[in-house]
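Engineer: Heads up: the protein sequence lines correspond to chains A and B, in order.
1 is the number of the first residue of the first sequence in this note's numbering; add one for each residue after it.
1 is the number of the first residue of the second sequence in this note's numbering; add one for each residue after it.
Everything labelled a hint here was simulated from the structure, so no lab data went into it.
For each residue, glycine too, the CB sits at the ideal point set by N, CA and C.
Errors might be hidden in some of the hints.
Which stretches of chain A does chain B cover? Using the computed rule of at least three CB atoms under 8 Å from a CB of chain B, they are [to be verified]: (1) 79 to 90; (2) 130 to 136; (3) 148 to 161; (4) 237 to 248; (5) 268 to 275.
Over the 12 Å line for every Cβ pair with chain B, so calculated as not near, a few chain A residues [unchecked claim]: (6) LYS100; (7) GLU201; (8) GLY258; (9) LYS289.
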Amino acid sequence: MSLPETPTPRTGQDFWERLAQLDRRIIFAFIFLALAIPLFFTIRQPIAVSPEGRAYFEAIENLPAGSKVLLSFDFDPPSSPELQPMAEATFKQLLTKNCKLVVIALWPQGPQQAEKALAVALRDPQFKDLKLEYGENYANLGFMAGDEVVIQKMNSDLPSTFPSDYKGNATLSLPIMQGVKNYKNFDFIINFSSGFPGTREWVQFCVDRSGSKMIAGNTAVQAPENYPYVRSGQLKGLLAGMKGAAEYETVVGKPGKGVSFMGAQSVSHLVVILFVILGNIAYFASRRKK
Amino acid sequence: MVSLTIAGFLTLGIMSFVYKDNPVYKLCESIFIGVSAGYYFVSIFYQSLLPQLTDKIGITGELSDSALAYYRETGSLASPQWFNLIAAVLGVMMLLRLVPKIGWIARWPLAFVIGSTAGLRLIGELQTNIMAQIQKSILPLWDPQYIDGSLNMAASVGHSLTNIVMVAGILTGVVYFFFSKEHKGVFGGTAKVGIWFLMVTFGAAFGLTVMSRMSLLIGRLDFLLRDWLHLLG
Chain A
1 MSLPETPTPR
11 TGQDFWERLA
21 QLDRRIIFAF
31 IFLALAIPLF
41 FTIRQPIAVS
51 PEGRAYFEAI
61 ENLPAGSKVL
71 LSFDFDPPSS
81 PELQPMAEAT
91 FKQLLTKNCK
101 LVVIALWPQG
111 PQQAEKALAV
121 ALRDPQFKDL
131 KLEYGENYAN
141 LGFMAGDEVV
151 IQKMNSDLPS
161 TFPSDYKGNA
171 TLSLPIMQGV
181 KNYKNFDFII
191 NFSSGFPGTR
201 EWVQFCVDRS
211 GSKMIAGNTA
221 VQAPENYPYV
231 RSGQLKGLLA
241 GMKGAAEYET
251 VVGKPGKGVS
261 FMGAQSVSHL
271 VVILFVILGN
281 IAYFASRRKK
Chain B
1 MVSLTIAGFL
11 TLGIMSFVYK
21 DNPVYKLCES
31 IFIGVSAGYY
41 FVSIFYQSLL
51 PQLTDKIGIT
61 GELSDSALAY
71 YRETGSLASP
81 QWFNLIAAVL
91 GVMMLLRLVP
101 KIGWIARWPL
111 AFVIGSTAGL
121 RLIGELQTNI
131 MAQIQKSILP
141 LWDPQYIDGS
151 LNMAASVGHS
161 LTNIVMVAGI
171 LTGVVYFFFS
181 KEHKGVFGGT
191 AKVGIWFLMV
201 TFGAAFGLTV
211 MSRMSLLIGR
221 LDFLLRDWLH
231 LLG
């Protein structure tokens, strides 16, 4: 793979013509600085909560205390800047409601992401003294290959789909899994997804076939595909990208990385908008000259 | 600290591609691909393949902990679990592709996978993305909103406008993709409106893609500046 050659500006060109042929590395440098510099400062900005983000929060808030919740971590480290803050804040809200948490993953690195998010939530002073026990209050059943077939199979027999957990224990030996046969034994389902298999497959093979209630956290690039499910009621709420994470952290009242990263995100967007405007002006100016 | 430093240099190596394709980038890319492939193989083997076979069929000669727990729970090792053995045989047949003389055997499990996946997804797509979406797209163009029993005009107009835009977007978009009639006159005009809706959709998707890519870079910068170099508080 190689990058396309950047055109070399010729002598005698005016400012706009030179701008139209700007070396892409200069744009990269601006973007880099626009993202890096704000990380050194605390930039506070109002974070408006979208209806989908509020619905996500309220769906968990309306769960009865002690509900059993199934969480699927269908992403890997590259997507963690967007999805990890959501997952951490979600765990915190679920623990506030004293929910019992069962984690699975359809992506090989999902279980690790879940472990990291759980560790952050459990370190929170609010839950430190609760003495939550693995197997009793939460469990990580690990990863299972098979994509959408795994989702489909869990609908008929979840313990046989995940015979052992992430630590190698027999799934049915875990107290939290006693009496769990399929989705009907969970009060709620939450999916964090950055691609395939992900939210789309969960809606198709779990929500529409078992009637389970589900919310999801998506990377921004994936969210447009899943917004129609919110409107149709197939999803009860949706968080989209880092903005979604920041919204959720705001509404939960536990600002984390999502909120702190939004400053850098906003500055970089301003730089992109500026370059889009300048690029358009340069294009039309050079066309008029021709 | 050593692992952080290695990760830091590998990150910088990958980022160096932004300036120019170079040997350091190539090296980092190869390491990434190799490590990923190895990790995926080990994960799938130990977390999926082995538990599915040994825990349920007792392939090791005695029942594993998981199988015992299942036995205690259900009172039996249900016979359908032996189907996993058939899946294992299909898996081995798939690998026979590596032997040129009997490579044709791999076509059978492949046919099974393609057939079952097509069947599974066909129903899913029909149910979730066609029927459910069509049903929820049938919207009233006047959608009165009542607050405490009385009509709220502003909310009603807002909701109705949303519904009108939705319905107009769907109809004009569908018209644009109808190619059995020439896009001329009223039909052509409607298709043109459909293009505008599509353009707005692409714009929104592009905006969210930019946000997503920026987020990835923020994640890497946070790693470099906070976790590795400890420059951020």
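Engineer: Enumerate the violated hints, using their earlier numbering and listing them in ascending order.
Structural biologist: The structure conflicts with hints 2, 7 and 8, although it agrees with all the remaining ones.
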